[in-house]
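Peer 1: Residue strings, one per chain:
Protein chains: 2
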Amino acid sequence: MRDVAVIGVGLTKFGELWDKSFRELISEAGSKAIFDSGIGGLEIDAMYVGSMSSGRFIGQEHIGALVADASGFSHLNIPSTRVEGACASGGLAVREGYLSIASGLNDVVVVGGIEKMNDVSGTAATETLAMAADQEWEAFFGATFPSIYAMIATRHMHEYGTTREQLAQVAVKNHSNGALNPFAQYQREIKMEFVLNAPPVAYPLGLFDCSPVTDGAAAVVLCSLDKAKNFTDKPVKIIASGQASDSLALHGRRDICTLDSTVQAAKKAFKQANVTQKDIDLAEVHDCFTIAEICAIEDLGFMKKGEGGKAIDENITNLNGSLPVNTSGGLKSKGHPVGATGVAQIVEIVTQLRGEADKRQVKDAKIGLAHNVGGSGATCIVHILEGI
Amino acid sequence: MRDVAVIGVGLTKFGELWDKSFRELISEAGSKAIFDSGIGGLEIDAMYVGSMSSGRFIGQEHIGALVADASGFSHLNIPSTRVEGACASGGLAVREGYLSIASGLNDVVVVGGIEKMNDVSGTAATETLAMAADQEWEAFFGATFPSIYAMIATRHMHEYGTTREQLAQVAVKNHSNGALNPFAQYQREIKMEFVLNAPPVAYPLGLFDCSPVTDGAAAVVLCSLDKAKNFTDKPVKIIASGQASDSLALHGRRDICTLDSTVQAAKKAFKQANVTQKDIDLAEVHDCFTIAEICAIEDLGFMKKGEGGKAIDENITNLNGSLPVNTSGGLKSKGHPVGATGVAQIVEIVTQLRGEADKRQVKDAKIGLAHNVGGSGATCIVHILEGI
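As given, the protein sequences belong to chains A and B, one line each in that order.
With the first letter of the first sequence counted as 1, position 115 gets the number 115 in the numbering used here; the numbers rise by one all the way through.
With the first letter of the second sequence counted as 1, position 356 gets the number 1356 in the numbering used here; the numbers rise by one all the way through.
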């Protein structure tokens, strides 16, 4: 397989963007990424787009073609394909773009991720998100994601002594990072008491343990490494892409506290990259709920199972800790436009590895990891990137 | 890029399948393909699934993981990814599976396509299908696909003298083929008068000019050509995969009678395969409406633009003609479960190239082409396959 690099990144502001349409968001992110990459536009061989449920959120399928069209590329007849893997749609789209270059078919590929979630009313957003769970065994009976992750959390607390405060601290940390990210939905710090006293959603998770409903888009330009130098002097190499699946419903897992898809995707990624957990300078992990970040850092192998809560207590994952996690603010504070999230994680890692993360810059960051999960863990995709 | 072969194919019966669920359909097609391929199952490196609008049709997203799960593979943590490109979702899924093997990453990949369309009530199926059109410029104003293709048809009649009878003859021919296909939704011949006197849908298209609403699934097993002989003595090589996009809405095209995405996808495919139109022994083309088949055979370059109707008159595309088209019965008679269609086309070509098409077998078929379109032509994917 050929080596592949990220040569450009682009992001819209994340938030409740009532004044921007789906088309405007994706073309804003895409054009920023293209401008950032140094390509002119005619070099683009293909486009991939991650979007979870455009059919439900905006009444539109055929998203690949829509995005090529909205971006002004339809007259070039560039192949454009949508990829869906629930909240991992963005990460999977990056992988397909990566593979299409690694195969030798394409040289330059633009990958976008997008979700416009706030245009539906009432409980429609929560109901649509629940379609990432098992409709017949979970969603149909009223199990939405807060309740599913709440079950993971209570079991984790029971099994490993993880505390309510440790969960809350994840939110506090991620808001502290998000306060430094001009693209984040919530650019403000929050205090522990605020999280603990927030309205309960599903015990032990309160309002501030849950990622928000967000509109937003992200894009990256990928290029074969050998051609990357034609466009940029700061390519970031994708040194691994690992993907795995698991049962759709939580009850099908061997252990509901362990996301085996994360364990397996990480195993593949670390093997391909030929690095270990110790080599990772920062990680963006899928903190759709606070418990999800604790599970993620364990299942990625940064510590033993059950020790994620302790790591939070020890501030290991803080911006100035030994393993900064979710420097962007994570899904919690940056926001979680589901199809965009996996691409936005890559944007953050690239920004950090280029040394362009301003007030949230991790010192001497050389290797970063992005971890994107679909549903409660039926899909996981792990990318490892290296600045060169 | 490595060479890739199809080593197994599987199909469910197409039709109104009230007694079978989405999960049952995809696992039936998948297990048939796996059994046909000679693999045991543990060799599978990845899965891809084409599905257009599972979110609208069955209230379920996260289809990649669902399919791995329903097929009994979730405990193996096999990566599984859904691909969406409206009615071209199946063809695009085949392409992603193909690229993942061509890249060198995977050796054995199962690709499925599925749509369960009859479980929604009232006009929901038509409304959901309209989401493959441009929601903001077409669907919102009531333009559904029959009306969009009717505009193409009237323009084609005006521009090239194509007749109502030529359109009807496409349906007659495809039903004649479908009558020989045990998997087809409508296994019966129809007469010209029947088509001409059918209830009008959108002039000039009547009920029998339109493909039906169908439940069904299809699957293929792909393998690197060098390893294919470990499993089968009848591999069929994928000698080209060409994809292109165009504007989502019809009004954005330079000429509404020409699907530029087909023209460009075919150009790429013929170049990659290093064959010409004359080398093609049979073609499955995207006849979602009778006019679509006429446009397809022109835009694929089998004849000059405007001469498709004449070719129908001359019986060139009949089962015993010089270029048999839609030997399976096509979308018209076999049925059109949108996400499954592109995969089912590959199943038909492989069946023919292996000489296993029974009463509808094309004599000495060596090279076949599959042409799958999304919407009114915003996405097109062309595959060319060769028996070896």
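Keep in mind that the hints were calculated from the coordinates and are not lab data.
Treat the hints with care, as some may be off.
[Claimed, not checked] Chain A is faced by these chain B residues, among others (derived, beta-carbon under 8 Å): (1) SER1053; (2) GLY1064; (3) ALA1065; (4) VAL1083; (5) ALA1102; (6) PRO1199; (7) VAL1201; (8) PRO1204; (9) LYS1237; (10) ILE1239; (11) ASP1246; (12) SER1247; (13) HIS1251; (14) ALA1378.
[What the hints assert, rightly or not] Which chain A residues stay away from chain B? Per the calculated CB distances, all over 10 Å, these: (15) SER53; (16) ARG56; (17) HIS75; (18) ILE78; (19) ARG95; (20) ALA133; (21) ASP134; (22) PRO204; (23) ASP246; (24) GLY252.
[Stated by the list, open to error] Here are the computed lysine-lysine pairs in the DSSO-like style, where the Cα-Cα straight-line distance is at most 30 Å: (25) B/LYS1227 <-> B/LYS1191; (26) B/LYS1268 <-> A/LYS271; (27) A/LYS227 <-> B/LYS1268.
Virtual Cβ for every residue (Gly too), placed ideally from N, Cα, C.
Peer 1: Hint by hint, where does the structure go against what was stated? Just the numbers, ascending.
Peer 2: Hints 6, 7, 8, 9, 10, 13, 15, 16, 17, 18, 19, 20, 21, 23, 24, 25, 26 not satisfied by this model.
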